[in-house]
Amino acid sequence: MSPTATEQPSSPSSPNPPPKLYYVYEPKFPGSTPQADDYSKYRGDENVAVVIDNGSWNTRVGWSTESAPRIAFPPICAKYRDRKLARTFTLVGNDAYADSNSRTASKNAFDVNVVSNFDVMENILDYSFLKLGIDDDEGIGHPVVMTEALCNPTYSRKTMSELLFEAYHAPSVTYGLDSLFSYHYNGGNTGLVLSSSHTTTHLIPVVNGKGILSMATRLNWGCSQAVEFLTKLLALKYPGFPKTYPQQMESLVQEHCYVSQNYKAEMSGYLEMGSLDERDRAIQFPFTEIVKEQKSEEELARIAERRKESGRRLQEQAAKMRLEKLKKKEEELLYYQHLLERGKTETKKNLSRLLENEGFRDEAQLEKRIKELEKSIRRSRNKDLGIEEEEEEEIPTFPLLDTPDEDLDEDGIKQKKAQRLLKANYEARLRLRVEKEKERERLRLEAEKEEERRANDLEGWISEKRSMRDGLVAKLKEREQRKTQLSDRKSLASLNRMKAIAHLASDEPTRKRRRGNDEDTFGADDDDWAIYRDIATVNEDEEEEDEEMQTELKSIEAQLLRYDPNFTEDSLQGAGTDWSKSLIHAFLRGCRPFDPENQAEANQMHLNVERIRVPEVIFEPSMAGIDQAGIVEVASELLLNRITEKEQRESIYKDIFLTGGYALFQGFEERLRTTIMSVLPFEAEFGVRTAKDPLLDAWKGAALWSKTNIGGPIWEGARITRADFDEKGSDYIKEHNLGNVVG
Amino acid sequence: MAPNNTASTALHEANDITNASKPFKSTTWKPAARRNKNLKQVLTEVNRAQAASIMASQVQTEANTGDNTPIPESTLAGLSARASAAQQASALQKLSLSANQPAPTYGNIDAAPSLHPANSGHWCDITGLPAGYIDPKTKLRYANKEVYAVIRGLGQGVSDQFLAVRGANVILK
Chain Y
1 MSPTATEQPS SPSSPNPPPK LYYVYEPKFP GSTPQADDYS KYRGDENVAV
51 VIDNGSWNTR VGWSTESAPR IAFPPICAKY RDRKLARTFT LVGNDAYADS
101 NSRTASKNAF DVNVVSNFDV MENILDYSFL KLGIDDDEGI GHPVVMTEAL
151 CNPTYSRKTM SELLFEAYHA PSVTYGLDSL FSYHYNGGNT GLVLSSSHTT
201 THLIPVVNGK GILSMATRLN WGCSQAVEFL TKLLALKYPG FPKTYPQQME
251 SLVQEHCYVS QNYKAEMSGY LEMGSLDERD RAIQFPFTEI VKEQKSEEEL
301 ARIAERRKES GRRLQEQAAK MRLEKLKKKE EELLYYQHLL ERGKTETKKN
351 LSRLLENEGF RDEAQLEKRI KELEKSIRRS RNKDLGIEEE EEEEIPTFPL
401 LDTPDEDLDE DGIKQKKAQR LLKANYEARL RLRVEKEKER ERLRLEAEKE
451 EERRANDLEG WISEKRSMRD GLVAKLKERE QRKTQLSDRK SLASLNRMKA
501 IAHLASDEPT RKRRRGNDED TFGADDDDWA IYRDIATVNE DEEEEDEEMQ
551 TELKSIEAQL LRYDPNFTED SLQGAGTDWS KSLIHAFLRG CRPFDPENQA
601 EANQMHLNVE RIRVPEVIFE PSMAGIDQAG IVEVASELLL NRITEKEQRE
651 SIYKDIFLTG GYALFQGFEE RLRTTIMSVL PFEAEFGVRT AKDPLLDAWK
701 GAALWSKTNI GGPIWEGARI TRADFDEKGS DYIKEHNLGN VVG
Chain H
1 MAPNNTASTA LHEANDITNA SKPFKSTTWK PAARRNKNLK QVLTEVNRAQ
51 AASIMASQVQ TEANTGDNTP IPESTLAGLS ARASAAQQAS ALQKLSLSAN
101 QPAPTYGNID AAPSLHPANS GHWCDITGLP AGYIDPKTKL RYANKEVYAV
151 IRGLGQGVSD QFLAVRGANV ILK
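Residue numbers (the UniProt record's numbering), protein chains in the order written: chain Y, 1 to 743; chain H, 1 to 173.
Isolated chain Y (complex conformation) (with noise of 0.2 Å):
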């Protein structure tokens, strides 16, 4: 091998121990919620609220004095009927999981982050409270504490109300913000409520315990649209891809991805080779493993000598029959050898009147036969010995030729006519044989001397095959690049080619033509016909052609890669770069070699890049096309700009609060702290928290509060009771320092 091959301990590919894999998450059904059996406990009792954290990601279902939500389930309901036994199923929640049939039939309550199929949420309640083990006759009997949309539309607040006070007999409703009720529980009373969740990301300022809703902003990017983004790069990045599933794609976001501290150069060296393997994460997705049999040395062995058992036995045969054959002939030559001899005795007459009796016309044709015959044996049996037979040719006599034509009767001249054909025949073959020999005998010799000449001069013999090897890559390349211009419509080459094809279309005389010269002389020269050639999109002659370029080209670089040595095989035409070095490689297949013909590896996806790229567009929304400010510089606009009062302003620089699910990703808190310090003014002080809990905060909180104020002043005017309802209409609502304002 050439030097340089040994010289390549760089290549990643030998060290590397196999890959870490991730197996992707499988869609399964977490078991049925069983129905609480505690209900006596809170029956008829109006102090305790039913909390509802109504969010598009779950809905949350517990009672106001407990320290945790009962019930957590997406908020999904699926409707469908099972034909068979004629029974129309709802399944919500989890239980919509149970088999592929359900799940797709499984609709959401949300569209974005505000309900809009209430027949699902009315499902959502009746499963909520049924599993909370309500049995009162009529209504619920417990006020009904729920979250909403920041904005929530007044059209869905009001179904809302009109659903929970006169299907469930609601005796009074809260509405709250979760965002609020977070920052509530994690004790917050003036800052920034930066809450990014399930389907959106709101940004609130609060001032002493009141959500200023005036200042708050929306940024239409969260959890789901983050699913939605890598689902659609893993799509790009690996067409043709078995199908993938939301679940899987959404665990894949959740286990992996994560906030990058300085997203430009972490991002710029992502892909190095040389580090990659700590970044790159392979997720196995599950396949069906076509097995090929193995088949164990033993049978292989068995196979093997049933083959040679049964090619002995036709060679056996074969000789039998070689062997019959031979002895028929030798009968043959006997019987014939004997009629000659007794022909000798026997008179003409006689002699004659036997031989047409055996088929013959005279002796000579029997002594023919003869010698044909004693030939063939002669030759079986050499070959049966293994003697190698140098076969003397005799040169043929052609001895009527020499007679001229008046000597000879009508048969003579026709036998002369065949041994005049045969004879040119003869010397064509003679010719040829001589020819032959002359080409190889020239080719030896220029063979001869290419070796002396790389024997002497090695470096000019390598760069004259180089030269020759470019020579013909360039060819190829240049034909590879008109054909893909030709598939561009736009391309010169094609618009030289509609040109010659409307040229040779048109009965018109052509200028040149009316010019004087009347006749058209077209293919007068020989070269006219080339037009044919050009315009044909598939061109056989060209394809032959490139076929014969290419195994010369395949040879050239046989011999440097044999002679020259600084010529490896990755210099090779077509053998493409070195996997190690490819960018492209390192994207889609990470740091090892990539085998298309392993299942397994087949059915892996690399994360590599994604991991820092889809969590990243929450500070720059236009990566996945939403034409808004990332949430930093929305943040800064409101604080610095948004917020007048100066004192205010500082006091809720002290206290920035994340919350929601987004606030889950490793590393967001942290980004957040370092680029919100760098837009605050110098030497500001402030501070950055994410909640206990950013998922159960909201619901927890919801739960304090009704708690601690129950029956007090400030319950009593932030809930809607059925009086207010049934007098002011279904889309009243109260104002409360924790839920919305009237929009």
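What the hints contain is simulated information worked out from the structure, not anything from laboratory work.
Mixed in with the good hints there might be a few duds.
[As the list claims (entries may be wrong)] Ranges between beta-carbon positions, derived for each pair:
1. Y/645 <-> H/29: 46 to 56 Å
2. Y/645 <-> H/156: 52 to 62 Å
3. H/172 <-> Y/588: 30 to 40 Å
4. H/172 <-> Y/502: 24 to 34 Å
5. Y/674 <-> H/33: 51 to 61 Å
6. H/29 <-> Y/108: 18 to 28 Å
7. Y/241 <-> H/29: 42 to 52 Å
8. H/172 <-> Y/593: 41 to 51 Å
9. Y/679 <-> H/172: 33 to 43 Å
[As the list claims (entries may be wrong)] The calculated lysine-lysine pairs, modelled on DSS-like cross-linking and capped at a C-alpha distance of 27 Å, are:
10. Y/490 <-> H/37
11. H/145 <-> Y/232
12. H/37 <-> Y/734
13. H/139 <-> Y/107
14. Y/483 <-> H/145
15. Y/232 <-> H/40
16. H/37 <-> Y/107
17. H/40 <-> Y/490
18. Y/728 <-> H/37
19. Y/264 <-> H/139
20. H/145 <-> Y/490
21. Y/483 <-> H/137
22. H/22 <-> Y/79
23. Y/158 <-> H/22
24. H/30 <-> Y/483
25. H/137 <-> Y/237
26. Y/131 <-> H/30
27. Y/490 <-> H/137
28. H/30 <-> Y/477
29. Y/158 <-> H/37
30. Y/734 <-> H/40
31. Y/107 <-> H/22
32. H/30 <-> Y/158
33. Y/475 <-> H/22
34. H/139 <-> Y/237
35. Y/158 <-> H/173
36. Y/499 <-> H/137
37. H/173 <-> Y/107
38. H/22 <-> Y/41
39. Y/79 <-> H/137
40. H/137 <-> Y/475
Heads up, the beta-carbon is just placed ideally off N, CA and C, and yes, glycines get one too.
Use these hints to put chain H onto chain Y, whose structure you have.
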């Protein structure tokens, strides 16, 4: 069908709430017809109602100044129905200009577009790396010549899908 068909049917039967007894629910409750509206429908209705009320109030004030001919009451009644989208939009604009702090609604709390061009970087559409170049033909951004070769080899319409990821694709209507 799936081999676990009976098992999943049993699961469905166990979790089905269609016929579960719901004593807390009103027996007379009937949901309103067509109560499901998607967000877009809801928002358009909100907008229309708002614009109509503003227009009506404006028409009244304008009528009182005497600058133009007063509009009879009968015409006013039909105004909300006939108000064109353009009129509504301009009415809304006037409102947001006149009132110094409009009440927050679902429609107006959207964050504004970025005012700092520096905040939107150029990233390779294929690999996500910082991109130094733009392919003039497909308008895709790319990081290096290897990625460019990939872009050249993309099939028809695939480049548009890449553009669609960042919302830069051209949509013909």
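Structure-based check of each hint:
no.: 1; hint: Y/645 <-> H/29: 46 to 56 Å; in the structure: 49 Å, holds
no.: 2; hint: Y/645 <-> H/156: 52 to 62 Å; in the structure: 58 Å, holds
no.: 3; hint: H/172 <-> Y/588: 30 to 40 Å; in the structure: 32 Å, holds
no.: 4; hint: H/172 <-> Y/502: 24 to 34 Å; in the structure: 29 Å, holds
no.: 5; hint: Y/674 <-> H/33: 51 to 61 Å; in the structure: 54 Å, holds
no.: 6; hint: H/29 <-> Y/108: 18 to 28 Å; in the structure: 23 Å, holds
no.: 7; hint: Y/241 <-> H/29: 42 to 52 Å; in the structure: 48 Å, holds
no.: 8; hint: H/172 <-> Y/593: 41 to 51 Å; in the structure: 43 Å, holds
no.: 9; hint: Y/679 <-> H/172: 33 to 43 Å; in the structure: 40 Å, holds
no.: 10; hint: Y/490 <-> H/37; in the structure: 48 Å, violated
no.: 11; hint: H/145 <-> Y/232; in the structure: 24 Å, holds
no.: 12; hint: H/37 <-> Y/734; in the structure: 24 Å, holds
no.: 13; hint: H/139 <-> Y/107; in the structure: 38 Å, violated
no.: 14; hint: Y/483 <-> H/145; in the structure: 20 Å, holds
no.: 15; hint: Y/232 <-> H/40; in the structure: 24 Å, holds
no.: 16; hint: H/37 <-> Y/107; in the structure: 14 Å, holds
no.: 17; hint: H/40 <-> Y/490; in the structure: 42 Å, violated
no.: 18; hint: Y/728 <-> H/37; in the structure: 23 Å, holds
no.: 19; hint: Y/264 <-> H/139; in the structure: 22 Å, holds
no.: 20; hint: H/145 <-> Y/490; in the structure: 23 Å, holds
no.: 21; hint: Y/483 <-> H/137; in the structure: 18 Å, holds
no.: 22; hint: H/22 <-> Y/79; in the structure: 18 Å, holds
no.: 23; hint: Y/158 <-> H/22; in the structure: 23 Å, holds
no.: 24; hint: H/30 <-> Y/483; in the structure: 68 Å, violated
no.: 25; hint: H/137 <-> Y/237; in the structure: 21 Å, holds
no.: 26; hint: Y/131 <-> H/30; in the structure: 23 Å, holds
no.: 27; hint: Y/490 <-> H/137; in the structure: 11 Å, holds
no.: 28; hint: H/30 <-> Y/477; in the structure: 74 Å, violated
no.: 29; hint: Y/158 <-> H/37; in the structure: 13 Å, holds
no.: 30; hint: Y/734 <-> H/40; in the structure: 26 Å, holds
no.: 31; hint: Y/107 <-> H/22; in the structure: 22 Å, holds
no.: 32; hint: H/30 <-> Y/158; in the structure: 16 Å, holds
no.: 33; hint: Y/475 <-> H/22; in the structure: 81 Å, violated
no.: 34; hint: H/139 <-> Y/237; in the structure: 18 Å, holds
no.: 35; hint: Y/158 <-> H/173; in the structure: 36 Å, violated
no.: 36; hint: Y/499 <-> H/137; in the structure: 24 Å, holds
no.: 37; hint: H/173 <-> Y/107; in the structure: 30 Å, violated
no.: 38; hint: H/22 <-> Y/41; in the structure: 19 Å, holds
no.: 39; hint: Y/79 <-> H/137; in the structure: 49 Å, violated
no.: 40; hint: H/137 <-> Y/475; in the structure: 25 Å, holds
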